[in-house]
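The chain contents come next:
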Amino acid sequence: MRVALFTSCAADLAAPRPALAAVRVLEAMGMTVDVPGAQTCCGQVALNSGHREPASELMRRWGRTFGEYDAVVGVSGSCTATVHHQFPRVLEDRAARLAVDAARRTWEFTRFVAHHDAALDLALSGDVTWHDSCHMLRSLGEKAAPRDVLGRVRGLRVHEAPGSEVCCGFGGTFALKYPELSCAMADRKITDVTRTDATHLVSSDSTCLLHLSGRAARRRVPLRALHVAELLAAALPGGPGTLEEAFA
Amino acid sequence: MSGRSIALHGAERVPHSRPEWAGSVRPGHRALLPLVTAEAVSRPESAATAARLTERSREWQDGGWPENLVPLRERAARIRRETLGDLESHLAQLAAKVTEHGGTVHRAATAADATAIVRRIAAEHSVRLVVKSKSMVTEEIGLNPALEADGIEVVETDLGEYIVQLGDERPSHIIAPAVHLAHRDVAERFDALAGERLDHDVTALAGFARARLREDFRTAGLGVTGVNFAVAETGTLAIVTNEGNADLVTSQPPVHVAIMTPEKVVPRMADLGVLIPLLSHAGTGQRMTVYQTLVTGPRRAGESDGPRELHLVIVDNGRHRILGTRYEEVLACIRCGACQTACPVFRTLGGGHAYGAAYGGPIGAVLSPLLAQHEQDRELPYLSSLCGACADVCPVMIPLPDMLVDLRADDAASGRRMSRAGWRAWSALWSNRAGHRVSLAVAAAAARLLPRRFLTRLPVARRWARGRELPDLRGAGRLRRALRRRHRTGDPA
Ligand code: SF4
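Chains A and B supply the protein sequences, listed in that same order. Quick note: the first sequence, position 30, residue 30 per UniProt numbering, numbers continuous. Quick note: the second sequence, position 108, residue 108 per UniProt numbering, numbers continuous.
Simulated from the structure, these hints should not be mistaken for lab results. A hint or two may mislead.
[To be verified] On the chain B side, residues computed to face chain A include the following (Cβ under 8 angstroms): (1) 385; (2) 386; (3) 408; (4) 426; (5) 427; (6) 460; (7) 469; (8) 470; (9) 471; (10) 475; (11) 476.
Glycine included, each C-beta is placed from N, C-alpha and C at the ideal position.
Make the full structure from the sequences, and use the hints.
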């Protein structure tokens, strides 16, 4: 099966590793992975900042870029949710139909892994906790797939944090408009996470993770954040065996 | 023909320790939201409030909707929307029924019209003391200050409302007005009011308030209530409370003024069987509120209690402008406050005061700018991380996050040209492969070449760096290079 990887702009700017890791995992599943060079951004940032026109221009571009594929796998839960939920709301013209149609074939990474793989051999010992990023949880309605996928990793213990479903305070330009508020929300999340036995916080959205780890670094709190694709790639056969070694 | 308040006797001794933006009378102009919110977050009280609200949210909201309420929720959402589709005819039926029972119905277009009607009624009866049960619409229209300007004392009889009134504050949550206060804060207020140290046991404090309020119910010349639901087919006004104070407000004073906005009407009595349990569950995790006060007309011949006059004031205050627009559904709101309790932004701010409007939280961030009472409310839709928790808990399924996004678009469309041009330029750049590549190269070069001190002063970076380390942008464009290399060599990424 040929799939296109939808990497999201965070991967281009500051977080390349999750996308590269996703390629490895998908290939280990026997997929042929294309990473279309024409992709840029799904338009979410512009849309949520109130700029509908620039957003729809990027959305249409997304449709042209991914329209041809049988399956598109999104590395970011939030960007995938934008494709599913916002494209039909925002796009109206005929060119838009392509994007809306492609959205139907677009999967969030963990959901894709959970549905398409039975045989993947995953092992990595360690302790993690999962952060339900908001749009993945509430817009895509996806809570089970990441837990399912993490549950398949031999040796991995998943500790639920009390506020795993609570927003981390990133919220796109919200983080810039209200930095103190956004950081205070991050602090609550960081506190919840550090109270568990997990050594690493895992999620499906690099932007939340950059926000949380940036905050933790400023406060000198030892919080290590990790994209789920990175974790799964490290758990592939021949990997380091332990979380500590993989992500020191 | 009415007495003076016992409940407020000594209120001048209660210190007002609130920030300016929490005051009972909303100032015409406030500081910009980024400043207010930064201040709100820095207050230690906010963290305590957040902890209280988070606890409630965990108890009532985690785990989603109980199975038995799922169909009820769908029915409620339908009932509310159907009613909105034909609001005027339901209101006409309601008005006819209320009149038939001997009540008087007033329609008010604006907040000022509504307060003028109540002031007139109070003046006609030489009222000096008003007792109120909890009502958010009276907050919205500024009823208390309007009556007080006429020399009338107004006493809030809901315990939480009474507590915030003593501190000259607005309610901080639409159904838990004093949620921003700790037990100790309340005890201090009551001590100051009493002029002596009281027993600080919770029941004793409640008993103190109860004794103080009791006398005012008896001597007030006018009782004011809001309306939770107004039943069109019977002309019945339903008011729910947990303290029973609406029973007293609507039965003891000789005149009862009920104030509602048009969308409070429901077609049938049976609809209460759907809406009240939902409101109770969503608001406070109860199966049913402790009291349901149903008022159908004033005292009838032969009855021993109830007011001699009943006035129903239906105030629009901007709602007709919302009907028929893409925001119409927001009028389905039943003011349960669940979206506020669930909202991490609202919680972290220590409640609704920092929103600076009568309604805070997700419902307030949508409704307040639509009511367009204050120019500054246009900022409110941005005061959300769009996490979506509000939509999950809303008993009538209002798509609040989508509305927040749409309101931002409305605002931006009429907003500063500079920022619009910036976003357009960016999307043009990123709609083009070369433009995209160049922008990544520029970002990476800037991150590599410029000193960190300088970087953290750049416009966007500066705001990020307030509280967070900057992400490493030296890697911008690295993904593409790695993928190209991989493609050429077949190496693992
Ligand atoms: S918007 Fe929904 S959740 Fe919020 S107060 Fe209204 S009914 Fe309740």
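Okay, the hints, checked on the actual structure:
For the restraint placing residue 385(B) at the interface with chain A, the shortest Cβ-Cβ distance is roughly 3 angstroms, inside the 8 angstroms limit, so the hint holds. Taken as an interface hint, residue 386(B) checks out: its beta carbon lies about 6 angstroms from the nearest beta carbon of chain A, inside 8 angstroms. Interface hint at residue 408(B): satisfied, since its Cβ lies 3 angstroms from the closest Cβ of chain A, which is below the 8 angstroms cut-off. The closest approach between the C-beta of residue 426(B) and any C-beta of chain A is roughly 7 angstroms, which is under the 8 angstroms cut-off, so the hint is satisfied.
At a threshold of 8 angstroms, the smallest CB-CB gap from residue 427(B) to chain A is about 3 angstroms, leaving the interface hint in force. Because the smallest distance between the Cβ of residue 460(B) and any Cβ of chain A comes to about 6 angstroms, under 8 angstroms, the interface hint for this residue holds. For residue 469(B), the interface hint holds, since its Cβ comes within 8 angstroms of a Cβ in chain A; the closest pair sits about 4 angstroms apart. A least Cβ separation of about 7 angstroms between residue 470(B) and chain A falls short of the 8 angstroms threshold, and the interface hint therefore holds.
For residue 471(B), the shortest C-beta to C-beta distance to chain A is roughly 4 angstroms, which falls under 8 angstroms, so the interface hint holds. Taken as an interface hint, residue 475(B) checks out: its beta carbon lies about 6 angstroms from the nearest beta carbon of chain A, inside 8 angstroms. Interface restraint check: residue 476(B) against chain A, minimum CB-CB distance 5 angstroms, threshold 8 angstroms, status holds.
When the structure is compared with the earlier hints, no violation turns up for any of them.
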